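Asks: Here the structure of chain A is known, so what remains is to put chain B in place on it, guided by the hints.
Which chain is which? The protein sequence lines are A and B, in order.
Quick note: the first sequence uses numbering that gives the first Met the number 0, first residue 0, plus one each step.
Quick note: the second sequence uses numbering that gives the first Met the number 0, first residue 0, plus one each step.
The set of hints was computed from the structure by calculation and includes no laboratory data.
Being a predicted model, the structure only gives us computed values, none of them experimental.
Hints may be right or wrong, so weigh each one.
Each computed SDA-like pair below joins lysine to any residue, with the alpha-carbon atoms no more than 25 Å apart [unchecked claim]:
(1) B:Lys109 with B:Arg41
(2) B:Lys109 with B:Thr2
(3) B:Lys38 with A:Ala160
(4) A:Lys156 with B:Ser6
(5) A:Lys158 with B:Glu15
(6) A:Lys158 with B:Thr117
(7) A:Lys156 with B:Glu111
(8) A:Lys156 with B:Phe115
(9) A:Lys156 with A:Asp68
(10) A:Lys65 with A:Tyr164
(11) A:Lys158 with B:Pro114
(12) B:Lys109 with B:Glu15
(13) A:Lys156 with B:Thr2
(14) A:Lys158 with A:Ala147
(15) A:Lys158 with B:Ser120
(16) A:Lys156 with A:Asp25
(17) A:Lys65 with B:Ser120
(18) A:Lys65 with A:Glu42
(19) A:Lys158 with B:Gly43
(20) A:Lys158 with B:Asp91
What follows is a list of derived Cβ distance ranges for each label pair [what the hints assert, rightly or not]:
(21) B:Ala97 with A:Asp324: 24 to 34 Å
(22) A:Asp206 with B:Thr70: 34 to 44 Å
(23) A:Val321 with B:Glu101: 31 to 41 Å
(24) A:Ala169 with B:Glu79: 29 to 39 Å
(25) A:Asp256 with B:Ala123: 55 to 65 Å
(26) B:Ser118 with A:Thr151: 18 to 28 Å
(27) B:Ala123 with A:Ala133: 22 to 32 Å
(28) A:Arg373 with B:Glu101: 33 to 43 Å
No residue lacks a Cβ here, since even glycine has one placed at the ideal position from N, Cα and C.
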Amino acid sequence: MKEEIARVHHEEWARVVAGLARRFGDLDVAEEAAAEAFAVAVERWPRDGVPPNPGGWLTTTTATRKAIDRLRRESHRDAKQQAARMLDDDTPFEPTGPVEDDRLRLVFTCCHPALAMEARVALTLRLVGGLTVAEIARAFLVQEATMAQRITRAKAKIKAAHIPYRLPTADDIRERLAGVLAVVFLVFNEGYLASGGDDPLRVDLTDEAIRLGRLLRTLLPDDGETAGLLALMLLTDARRLARVSRTGELVTLDEQDRGAWDRTLIAEGHALVRERLETVATDDESPGRYQVLAAISAVHTAAPSARDTDWSQIVALYDRLVMLDPSPIVRLNRAVAVAEVDGPAVALAEVDRLAEALDGYHAYHAARADLLRRHGRSDESRAAYDRAIGLAGNPAERAYLTRRRDQLAG
Amino acid sequence: MPTYMLSVYGPTEPGEFGPYPSKEAMLEAFADTGAFNDKLEREGHLVFADGLESASSATTVDGRGETPMFTDGPYLETKECIGGFWVIEASDLDEALALAAEGSRACRGKVEVRPFQTSESVAALLER
Chain A
0 MKEEIARVHH
10 EEWARVVAGL
20 ARRFGDLDVA
30 EEAAAEAFAV
40 AVERWPRDGV
50 PPNPGGWLTT
60 TTATRKAIDR
70 LRRESHRDAK
80 QQAARMLDDD
90 TPFEPTGPVE
100 DDRLRLVFTC
110 CHPALAMEAR
120 VALTLRLVGG
130 LTVAEIARAF
140 LVQEATMAQR
150 ITRAKAKIKA
160 AHIPYRLPTA
170 DDIRERLAGV
180 LAVVFLVFNE
190 GYLASGGDDP
200 LRVDLTDEAI
210 RLGRLLRTLL
220 PDDGETAGLL
230 ALMLLTDARR
240 LARVSRTGEL
250 VTLDEQDRGA
260 WDRTLIAEGH
270 ALVRERLETV
280 ATDDESPGRY
290 QVLAAISAVH
300 TAAPSARDTD
310 WSQIVALYDR
320 LVMLDPSPIV
330 RLNRAVAVAE
340 VDGPAVALAE
350 VDRLAEALDG
360 YHAYHAARAD
370 LLRRHGRSDE
380 SRAAYDRAIG
390 LAGNPAERAY
400 LTRRRDQLAG
Chain B
0 MPTYMLSVYG
10 PTEPGEFGPY
20 PSKEAMLEAF
30 ADTGAFNDKL
40 EREGHLVFAD
50 GLESASSATT
60 VDGRGETPMF
70 TDGPYLETKE
80 CIGGFWVIEA
90 SDLDEALALA
100 AEGSRACRGK
110 VEVRPFQTSE
120 SVAALLER
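Looking at chain B on its own, in the form it has when it is part of the complex:
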């Protein structure tokens, strides 16, 4: 079955309650997201899901040179960034998009749906 990453985007500089306007809103979003995660698990879609600490906690590493370089902060300097993600299995893009719409509603964020490579698509790459 195809695997998709559903990434949630939100403000890079979060407020007191992350991307949420108040504590109540945050708790509601957590509860809805929790219920959505349970549904994913129950229906056999869930591979992995979690939220990320804020982008300011990130470190960017470049290990291509002789000695690795460490830089404080995220790789891209943008106003919005990834705040968490699901990895799910779905029968096709239609199902993945429908789940992403539910997830977006639950967590109150925009969600990007992106397919993972498959053994077939990697094999096609190797053929080139």
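Next up, chain A with everything else stripped away, as it sits in the complex:
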């Protein structure tokens, strides 16, 4: 029963909150009523059984009543009139089609560009993902009270500034969607390579990001970047088990046990990448950043070993990525692939051009250390490893870098 309720929570939470938010025009009321409805379910379902239409039961029977009760208590809303009007709205609860789905409005509202990024992340995890405030606080290593305040403030701004609860216009949907995908990717990355704390991986966050990615894919099945981001997350997450060793050390791609990769996730990711390649080929649509990153991941996960990887294909994809996003971090990753095709000396020359921009970034020094080692410049390599270890926040990564440094000759 516990799992059954957890499953319904996963499947229905966002729908319940989104439906209530549309009906009552207030995220606070929607969130509280949804939480109360689930609390009632936890109490009643073990006794009475799960109702045949749990989403309908939660929304119509329970949460709507809770919301109306709350609005009645708040006398300043001219409660009687308002409650009467709401009771008249007897639109039956039914699962709506993807385009009309209230959940999409909820996502765009939570990820509104007028909100700070950390507020968008917190709101999305709470209102769309259904994580508790305590869970979100734990994931981002802040006090629960701090996280609660962040969410309360964001909801207050939505209300006071009249951030609309609707889909963006056709003119700005692309830009706004990019903002939504950025929130999901940030959650994933924080889980996949935690920047602080003791756990190198936070599975709760990667799982949640993938769940959000799947939801967006359901809601926007034709959008290329939405498919690309989901594929990228699946192909990255597929390598999760091989990525940290038993002793808690990060294992880089070339040293990973490819037999430990999750073949189901890889198959799903590859299918998405193929679907995008076909669409891009026929529709003359140019792929965005997530699609190119997913394609790079697909090349890696299709190779039987690091040596047998199609590195020139990877470099070609990075060339494409640099055109979309010429940031120093993308150029650093490109240089690492270049090393496999043209050797460490060519790659080092490219990496050294990024020194100024990336001096405070641990991955820059780690990549440079590895290239220097392969080029036989041990002393410089050691110094670069030292810088990387000093800057790395992730314990598994520090352990890996320390071992590599200590293996340097002389």
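Replies: Then chain B, alone, in the frame of chain A:
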């Protein structure tokens, strides 16, 4: 309909042509801002709009004591300050932000968008 204040920020110590580098630039900005104001009026958004004299012309008043205190200059001593503002009505923040972006382009300044209180939000305050 929600009401918003769009405040334009610029240097506290303006040059010869205010925040603009030359007379031509100033005239262009005036013309664009004028056209933007006309559009606001035509589309029913405009409540009020005007530019302010420089911050050095401000006087700060504290009337909380028995005798009011007058101080020469603006309340906040900052390098940048408000130089003018629009009060507009918009259906929601998205519309207000889109208008603010147009206004910012027209007047060549950064614009802060801030909602006014509503009767509902004041009522909620009184409930506390």
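Asks: Evaluate each hint against the coordinates.
Replies: Here's how the hints hold up against the structure:
1. B:Lys109 with B:Arg41: holds, 24 Å
2. B:Lys109 with B:Thr2: holds, 19 Å
3. B:Lys38 with A:Ala160: holds, 23 Å
4. A:Lys156 with B:Ser6: holds, 18 Å
5. A:Lys158 with B:Glu15: violated, 42 Å
6. A:Lys158 with B:Thr117: OK: lysine 158 of chain A and threonine 117 of chain B at ~11 Å, within 25 Å.
7. A:Lys156 with B:Glu111: Cα-Cα ~15 Å, so holds.
8. A:Lys156 with B:Phe115: holds, 12 Å
9. A:Lys156 with A:Asp68: This hinted pair holds, its Cα atoms lying about 24 Å apart.
10. A:Lys65 with A:Tyr164: Holds - the C-alpha atoms of tyrosine 164 of chain A and lysine 65 of chain A are around 21 Å apart, at most 25 Å.
11. A:Lys158 with B:Pro114: Between lysine 158 of chain A and proline 114 of chain B the Cα gap is close to 10 Å, so the pair holds against 25 Å.
12. B:Lys109 with B:Glu15: With a Cα-Cα distance of about 20 Å, the restraint between lysine 109 of chain B and glutamate 15 of chain B holds, given a limit of 25 Å.
13. A:Lys156 with B:Thr2: holds, 15 Å
14. A:Lys158 with A:Ala147: holds, 17 Å
15. A:Lys158 with B:Ser120: holds, 9 Å
16. A:Lys156 with A:Asp25: Judged against 25 Å, a Cα distance of about 12 Å means the pair holds.
17. A:Lys65 with B:Ser120: Distance of about 22 Å is within 25 Å: holds.
18. A:Lys65 with A:Glu42: holds, 16 Å
19. A:Lys158 with B:Gly43: Holds: lysine 158 of chain A and glycine 43 of chain B sit about 23 Å apart, inside 25 Å.
20. A:Lys158 with B:Asp91: holds, 10 Å
21. B:Ala97 with A:Asp324: 24 to 34 Å: For aspartate 324 of chain A against alanine 97 of chain B, whose Cβ atoms are near 26 Å apart, the range 24 to 34 Å holds.
22. A:Asp206 with B:Thr70: 34 to 44 Å: violated, 59 Å
23. A:Val321 with B:Glu101: 31 to 41 Å: Roughly 33 Å apart at Cβ, these two residues keep to the hinted range, so it holds.
24. A:Ala169 with B:Glu79: 29 to 39 Å: The hint (29 to 39 Å, Cβ to Cβ) holds, given that alanine 169 of chain A and glutamate 79 of chain B are roughly 36 Å apart.
25. A:Asp256 with B:Ala123: 55 to 65 Å: holds, 58 Å
26. B:Ser118 with A:Thr151: 18 to 28 Å: The hinted range 18 to 28 Å holds for serine 118 of chain B and threonine 151 of chain A, with Cβ atoms some 22 Å apart.
27. B:Ala123 with A:Ala133: 22 to 32 Å: holds, 27 Å
28. A:Arg373 with B:Glu101: 33 to 43 Å: violated, 54 Å
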